[in-house]
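Below are the chains, spelled out letter by letter.
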Amino acid sequence: GENVEQHPSTLSVQEGDSAVIKCTYSDSASNYFPWYKQELGKRPQLIIDIRSNVGEKKDQRIAVTLNKTAKHFSLHITETQPEDSAVYFCAASKTTGNQFYFGTGTSLTVIP
Amino acid sequence: DAGITQSPRYKITETGRQVTLMCHQTWSHSYMFWYRQDLGHGLRLIYYSAAADITDKGEVSDGYVVSRSKTENFPLTLESATRSQTSVYFCATQPQETQYFGPGTRLLVL
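Same order as they appear, the protein sequences are chains Y and S.
Just so we're aligned: the first sequence equals residues 1 to 112 in the numbering used here.
Just so we're aligned: the second sequence equals residues 113 to 222 in the numbering used here.
Derived by calculation from the structure, the hints in this document are not laboratory data.
From a predicted model like this one, the values you see are computed outputs, not experimental measurements.
Cβ pair distances, simulated, as ranges:
| id | chain 1 | residue 1 | chain 2 | residue 2 | range |
| --- | --- | --- | --- | --- | --- |
| 1 | Y | S26 | S | G152 | 13 to 23 Å |
| 2 | S | K169 | Y | T78 | 37 to 47 Å |
| 3 | S | G175 | Y | E39 | 27 to 37 Å |
| 4 | Y | K42 | S | L220 | 12 to 22 Å |
| 5 | S | I124 | Y | E83 | 27 to 37 Å |
| 6 | S | A163 | Y | G1 | 18 to 28 Å |
| 7 | S | G175 | Y | S12 | 29 to 39 Å |
| 8 | S | R129 | Y | R51 | 38 to 48 Å |
| 9 | Y | Q60 | S | I124 | 34 to 44 Å |
| 10 | S | I124 | Y | T78 | 34 to 44 Å |
| 11 | Y | K68 | S | R121 | 36 to 46 Å |
| 12 | S | P207 | Y | V54 | 16 to 26 Å |
Here a beta-carbon is modelled for each residue, glycine too, at the ideal position from N, C-alpha and C.
Put together the whole structure using the sequences plus the hints.
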């Protein structure tokens with residue numbers, strides 16, 4: 001089955017700096033890569049996703065890049081703010097109805 | 113997000129008891145999933161369902177049972193709770209590619 005690894009497990013940045021979280025996957029058939037943000041005590045919520053036919057996607061301060069050859073994808077948050085502090089999860093899946101394989105999460109702390 | 117609910121939100125039970133966690137969606141999405149979330153493990157799939165009366169095991173299904181007699185409901189039952197099943201449980205639906213999660217049930221097994 002698929003194996004998704006996520007690094008780092010914890011990340012602290014100063015407010016205004018950028019944060020980068022990286023994930024690798026093992027199954028070359030995976031073609032959908034969502035990122036979730038989970039605040040303390042809340043449910044995971046989708047913040048951005050990318051499909052295998054796209055190399056990069058951006059939404060305001062958040063961007064995701066995908067390197068299919070190397071089987072890795074990354075989340076980039078620019079101009080970080082304290083409200084970006086949360087746990088971020090990456091995931092990989094093949095098609096609708098197939099399970100998501102999640103990374104183990106990155107706890108991001110933005111220091112004011 | 114309000115379209116998917118879970119109950120109870122918090123549950124304390126004892127080892128050996130049967131516990132059922134409920135998941136309800138107001139939509140009619142075919143796919144539904146149950147995950148457990150534990151520190152250091154992220155979200156792990158317990159069971160999923162492609163439609164009413166169609167269910168399949170995930171990677172951590174031992175000790176759990178599901179049913180899906182109606183499209184909108186997907187209950188998860190712990191047949192004989194163990195301490196290792198102390199966790200936060202999330203239900204999810206998948207209208208297309210993305211999965212949307214319920215608010216979660218925090219379960220403590222004493």
